Amino acid sequence: MSNEEKKFLEVKGLKKSFGSGDTRQDVLKGLDFTVAKGEFCVLLGPSGSGKSTLLNILGGIDSADEGEIRISGDKLADMDEKSLTRYRRKHLGYVFQMYNLIPNLNVKENIETGAYLSDNPLDIDELLKILGLFEHRYKLPNQLSGGQQQRVSIGRAIVKNPDILLCDEPTGALDYKTSKEILQLIEEVNQKYGNTIIMVTHNEAIKLMADHVIKFRDGMIRHDIINTEKVTAAELEW
Amino acid sequence: MDKSSISSGKRPRNPLLKRVWKDLRRDWKRYLMVWLILVLTIGFVSGMYVANNSMIHTLDENSELMNRESGHFLLSGKADSKVLDAIASGEMADVPAVFRERAYEKAEEEVRKAVDEAVAENVTEQVRSAITSQVEAAADQQIAAGMTVTDEERQSMIDTALETAMAENFDKAVTDALDEAKRSEEYSDAFADAMDKAKKEIDKEIDEKYSELADRYDLNEKSDPVPVDISELFYKDTDEAISGNDGYTGTVRVYSQRKNVDLFDIMEGRVPENDSEILIDRMHADNAGIGIGDTILAGNTEFEVVGYASFVDYTTLYESNTDTMFDALTFDVAMVTEEGFSRIRSNTRANYTFTYKEKPADEYAEKEMSERFLRSLITQVAVAEDEDLEIKDFVPAYMNNAMTFAENDLGNDKVMGGVLLYILTAVLAFIFAVTISTTLEQESSVIGTLRASGYSKGELLRYYMSAPLIVVVLAAIIGNILGYTVFKNVVIGMYYNSYSLPKYSTMWTPEAFIRTTLVPMILMIIINFAVIVHTLRLSPLRFLRHDLKRTKRKKAVRLPRWNFFSRFRIRVFLQNIPNYLMLFVGITFVMLLLSMAVGMPETLTYYQGSMADMMFAKDQVILSASEDDDGNTIVPENADAERFSVYTLERKSDSYSEEVMVYGISPDSKYIRLSNGFVSEAKAGENAPVVISQAYSEKYGVHEGDVITLSEKYEHKDYTWKVSEVNDYSAAIAVFMTGEQFNAVFGKDEDDFSGYMADSKITGIDEEYIAKEITADDMMKVAKQLDHSMGAYMTYFQYVCVIVAAIILYLLTKIIIEKNERAISMAKILGYDTGEIASLYLAPTALVVFISEFLAMYLGFMLMSVFWKVMMMKMGGWFAFQMSVSGFVKEFVMVFAAYLIITILDFNRIKNIPKALALKNME
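Protein sequences, first through last, are from chains E and L.
For the first sequence, the positions run 1 to 238 when the working numbering is used.
For the second sequence, the positions run 1 to 923 when the working numbering is used.
Quick caveat, the hints were computed from the structure, so don't treat them as lab data.
Treat the numbers as computed from the prediction; the structure is a model and nothing was measured.
Treat each hint with caution, since some may be false.
[As the list claims (entries may be wrong)] Quick look at which bits of chain L chain E covers, simulated, 3 or more residues with Cβ under 8 Å:
1) 446-456
2) 534-544
3) 751-762
Quick reminder that beta carbons are idealized off the backbone N, C-alpha and C, glycines included.
Model the full assembly from the supplied sequences, consistent with the hints where possible.
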């Protein structure tokens, strides 16, 4: 891996606060870390530790007060709104805790909303098979289970084959079994398509399947660990 | 990681486009409602544009094809060809020169006669004296020669000799002496002196008279001649009766066969072929129920109706150009053969049409040409050899209501229709915008996700704008198709019900399409664009957090300690304030339309019913002379009759010049009460202030202390008066002053008057002295004609308003319920029954509708009063917009009934919200 690939995502001195005066709350208090290309990185921490805020800043839908983020050498802060939209369109995939599917589009069409954004999207039918949704491709979201809906949302995010897949508590609303299935899917996607995955979670168990674990507390990085003994998602227990 | 094993697919078409159709299907009821309103409005307005444009085009074309006159003038009698040729030349006659020449000729005769008489008298006396002297001398010679005579004998001798001498010599001597005298220089000098004196007097008199005439008609202004073609278009005005319909009496203006000018369009039947056949106006035939084959009486002459026509110079049936309103109910225009014309026993009116040889470029040129032509007409008639020939009327085409009123009305309706369409489109666009705003709120997280995934604002904007645009485009297409086919006929039917319009050919005008398609689309785009862009400016994160409010409420509004249900309802109200504002705007719009639909018939009925009471005297007779042939003042039998004077002036304005009746009345009149203060002020004479009628004050916003200026119709003479009082007379635009002041102002004799007024029917005046009788019927012409033209449509319009109200209410209450679907579902889970939930969510809306109706009723009435005034400003007379309490109640009930129907639908909507909805969304 080249040095450039090792520093695919580079965060330096990142700070963010909300409110002002007495109500000012420092959410991120100066973060420094790097993520390598194709790495499965988990941002771990309790609620309110600032991990979702970090994810939103990395996704270009929120901005930092101080510090800089570089992706493949491009500085995020230099981008105007249009460039940020283009950046998200070309390089990012988003998966949220709530699936946020379009209710009156069927499974395939929901995935097409992602495919449309790419000039070179993945083959949708093949992806549907990988997601285990091929049989359900003509169903509407309200005809699916929560796990299936989250699969659709992952499909929508990865169909454009993004460089980075940002996942914000993707298993937060799911039961143990479904969560594991989703984690297996993300793992499979990571392995098959080689996207860099940054996943926010408060589930300690998930860190075991990551290449890189960044532990948060009170807006600061407590631990930045490269996991050399990672396990498969199937082996996870909590 | 090796990506080469990954198979790529094709980039799909924008799936959001697919979603647009799905959105339309999912929400078909809402879109259908909006679509329906738009189709109906666009259809009707498009129909109006097509009908109006086609008809206006036909009228324009017909003015050429049917050789419509440039104007006409009515003379006191038939003019000879010399006069007509002179008029046709368009050149002004040198009136003073002709008058002078004629006066000189006349004067020369008279002067010569006078001089000759004087000379003859002189010469006769001289000859008589000479002969007498000779006879006396001869007698005295004989006496001197010795003849003895008494004095008596001498005188007798002289008398005898004188008689003989006179008989033998006098005549010859006088003739010789006269001849000699006339040959003398003295005679010539005397004649020349007398002629000089006479000429001076003539010149002075002609100069004085001509300069007055010249001032009045700008005759001194030198201008190019306006050559015209002149045609006879004689007519006879006579009573019209319909055989078998005793209740009908009207007036028919019968023309002889029209050949060259002011032709006509046969609407049904044929032209008369023999002296007992008649062609009548189609509109009047409709109104009076005269069928082809029926017999009508023109005076006492029977004719069989063989056809209906639209005469190019009578598209609107104005009997006289000074009438305040046309009258297609009792006034008819007809045409018979020349033989048929001579059968009618009535005075032939010497009406002549003129057509400019060189067509005026525009209206201004036409006005200027008509003024020039009038000058030439006045001078040519003035110098006509028939000194009794007078101009009785002069109406250029552009001022002829019978020709222009319908066309102007068509034009005005187009403007009104356009405004109505744009207001309704704006209301609908706002409803769409509110709907979209609600949708954006509901889909907040989806939008956030799409934006976070890289969808641009433009892409989302285009998506959210697609549905309203598709609806408006489809509505415009279907509306235009309906406009060109169905509604065009509806609108044209309305016009055929008022005016005598010709057959028309539909003109495929792009104006209708542009105005009814492009403009609503642009309105829809602008309003929706503004709302969507405003919301989409928020960051994706705020969408993801459902944080769409720009101003964050710091704290929840604290409510008084009312019971839970009341507080809940207030929360619903507070949550939906924007929707309720929209509801208020929608209801105001409907109330404005309803004000017209309910108020117009009410106003017309009110005025028709109370006109007799509003007139200051129920009967008014205007006399043609104040004294009868024997020189006795004409007096009616009625004890309650009162003298008055009346004169018509004009309140000039660019848009509409209104005729104003100026009355001179007795200071202690019992019909028009004048205050003592005013009567004493009036003694100042012609410059004293005046009293105006309530109608004048209301129509033109003139109040006590203001100054009014009225003008002579055909002269450049203005009268300016200060308004002293406003009289409560509201039946007409009138000015009152004392009879004394009136006679001073208009230069009349001190005891001059025009007629009598009384509350009882005026009797005892020979008909030959009655010039005009004014009754309540005459005053109601405007109200009657408006009622006939528009009254019937107003009932339908009321139903349309209720439907529009129902649709607007449906759309807005749907939004309120949809917004709260999840909460309603949760309330159901908690155990509230549908009735309770409905009372929570529907009661605030009911209250808002209730209050909005009251406010909107007032606003609608006020707005309608303004529109009404604008409309009345283009017509003669005045009646204020009226709305009775029952009218307001009717409006209220209609809209509330619409709301109640919608409430039933809303109740069912609430009933059908599944409990699972709350749970499912909470997953």
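Could you tell me which of the numbered hints above are not met by this structure, giving the numbers in increasing order? 3
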